[in-house]
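**Student:** For reference, the chains in residue letters:
2 protein chains.
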Amino acid sequence: MKPSAMFATATLLAAAAVAFAAATPLPPASAAPLAPTPPMGWNSWNHFECKVSDAVVRAAADAVVSSGMKAVGYQFINIDDCWQGQRDAQGNIQPNDRFPDMAALAAYIHSKGLRLGIYSSPGPKTCAGYEGSFGHEEQDAQTYARWGVDYLKYDWCSATGDQRAAYTKMHDALLRTGRPIVFSLCQYGWYGVWSWGASVGGNLWRTTDDISDNYDRMSVLGFAQNGLERFAGPGHWNDPDMLEIGNGGMKDDEYRTHMSLWCLLAAPLIAGNDLAAMSPATLAILTNSEVIAVDQDTAGIQGHRVAEEGPLEIWIKPLADGTKAVGMFNRGTREASMTVRFEQLGIGESASLRDLWTHRDLGEFHSSYEAKVPRHGVVMLRVRDSSLR
Amino acid sequence: MKPSAMFATATLLAAAAVAFAAATPLPPASAAPLAPTPPMGWNSWNHFECKVSDAVVRAAADAVVSSGMKAVGYQFINIDDCWQGQRDAQGNIQPNDRFPDMAALAAYIHSKGLRLGIYSSPGPKTCAGYEGSFGHEEQDAQTYARWGVDYLKYDWCSATGDQRAAYTKMHDALLRTGRPIVFSLCQYGWYGVWSWGASVGGNLWRTTDDISDNYDRMSVLGFAQNGLERFAGPGHWNDPDMLEIGNGGMKDDEYRTHMSLWCLLAAPLIAGNDLAAMSPATLAILTNSEVIAVDQDTAGIQGHRVAEEGPLEIWIKPLADGTKAVGMFNRGTREASMTVRFEQLGIGESASLRDLWTHRDLGEFHSSYEAKVPRHGVVMLRVRDSSLR
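Listed in order, the protein sequences are those of chains A and B.
Note that this note's numbering has the first sequence beginning at 1, numbered continuously upward.
Note that this note's numbering has the second sequence beginning at 1, numbered continuously upward.
With the rest of the complex left out, here is chain A (with noise of 0.2 Å):
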């Protein structure tokens, strides 16, 4: 796909611009954009709906310390819906009885080394029938940086109206707060948002529907983001949702499947499991320093698709040194082997390989590789081109 797009990009930059130009003024942008690299954390919805408290959050936070997960870069602790209780007489927003004090859980994710996220919705109500932020919005981001919140996921849900306006909205009054908080749009990939959410100022959108824990769902919204790459960049990224990854509707080699997918498409990586209760193989998989080394890689290159074989996919994503992250992607139901040719990913004669799932160096090799890949599994490699120094 080039630059001109199928959608009406130019038009839709224009009419937010103007959108822009009539806000109040804005303070100056911070120096340090935020979300250089993708955002990474945890979230409460994939496993906890609105099952969420107080102590959720802090078992979370005190899980994704004690695991290992904060050291290989989980940072964000987020609130998803159902946190909200009714506005007081003024008109702020107050959390319900399972969030007694907001500030004092705010207060100790930061004392982790860690940074805390909330949820709301342009609409008057979230997608679970609570409190929304239409008609409130400089209030809410107020009481949120009052609260010390880093991370506003902001869902459509119940909204009407032009999305493009009601984005920009929010982000002034982030804006206004003069605190840094990461803006993540939540609009379920509609009216081509990745063609404009940067402009809006979203550090990241949903491109899809939601995500389920199963293979199928996972696969068709993730291998479906080719083409979308170039609208990613550093302090704006393209979210294909969030992680399933420990769920138990999948086997290991499926969430090695979603995992390395979503590095390649440097896509946030935001754990929905309860951190509290997992198992060996899903810490293995969500702390794979190797794989979320591509993920984090700061040239903030999104990978895309360079061979497809029916079931059989190959994905590149190119990184700052030189090097180029390769999956070798086998949607079909058998094991397959799958051969990788380096003229595929713009490789000359020969390149050393690094496994990135079994952590072992392959060795050097001419022209081509051949791999056997698991059935709905990957085999993902970290690919240099023996020419460079």
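You may find that some hints are simply not true.
[Unchecked claim] Keeping only pairs whose Cα atoms sit at most 25 Å apart, straight-line, the calculated SDA-like set for lysine to any residue is:
#1 K372/B / D162/A
#2 K251/B / Y215/A
#3 K372/B / D210/A
#4 K169/A / Y188/A
#5 K51/B / D274/B
Bear in mind the hints are in silico, worked out from the structure with no lab data behind them.
With the hints as your guide, set chain B onto chain A.
**Tutor:** Just chain B now, with coordinates in the frame of chain A:
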């Protein structure tokens, strides 16, 4: 994907050739190849499963004629699993009580100008647990020919061992009957069958797991066919499974996507609904002669994807007259405005377009064409380069 495949094709073909050479002498192949265009017809499984009978099959044949489906090319009336009874003392397969006289049924089908298909397995049992052909391949082929069968779907099910050897054995047996019988390999896309299906005499081979009657499943199978186009051609076709159109699990836009995609893929068009009770909308989708003409084009070139932007995909199928069939697919959950650029189609300055679902000439366009495409829907075009005579 360049000709050197992800599967080790050469090795597989060599092995198949060895198996071929070891067989007893075969009659010369007939001059006219079987299945010069993708087979069209009906199969009992997707709607009736095991509730199939002589009456159901006759009713389907009657409906193919009376509905106008025969007039647009549907020809094969295929009995799927569950027709088999026991073998007699000589080992000859007998139909069960629901099929009192298979030869009479074949004669009835033939009297309508249609052809009869039947079903078996290289294993001892079929998928539904009925008698398979294992150890009776020659005998079963002779029986089918004696009855007047024109098409065999041969479903792996309980079989074990080498697939190529098993399919070669039945193909040789079919050839020795002297009756032209279309040979349909059904093995769920295992072992890169596309690279060897033609070498074992397959006229079509399943490239996928079973379809089911919902958009997610249909689309994950259909859109994953990209890259297989170089394995298909007249007499040997990739088969992404039978149609679910009219079975009730998808909306009409989704069924139009199903039909459009299968036609762009030069896939077999085997309807799987209850033809005696179909809605006008279902019939209109199944009998759109302009879309069917894309499938049945004599060049026999399977289409492929030329552009992809997340859920938006553009596919092309070059046709024998130099025009190009184009599908603009929106896999997303909101209507989208999509643009196809003529350079993506290998077309110069200007082209005249016809919409194959609205049956309207759209006129001449320069450099690109933009259309609104419904959620899960398609706009399907026939595009004629204005420089074509």
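**Student:** Compare the structure with each hint and give your call.
**Tutor:** Comparing the hints with the structure gives:
no. : hint            : result
1   : K372/B / D162/A : holds, 18 Å
2   : K251/B / Y215/A : holds, 24 Å
3   : K372/B / D210/A : holds, 24 Å
4   : K169/A / Y188/A : holds, 19 Å
5   : K51/B / D274/B  : holds, 12 Å
Every hint from the earlier list agrees with this structure, and none is contradicted.
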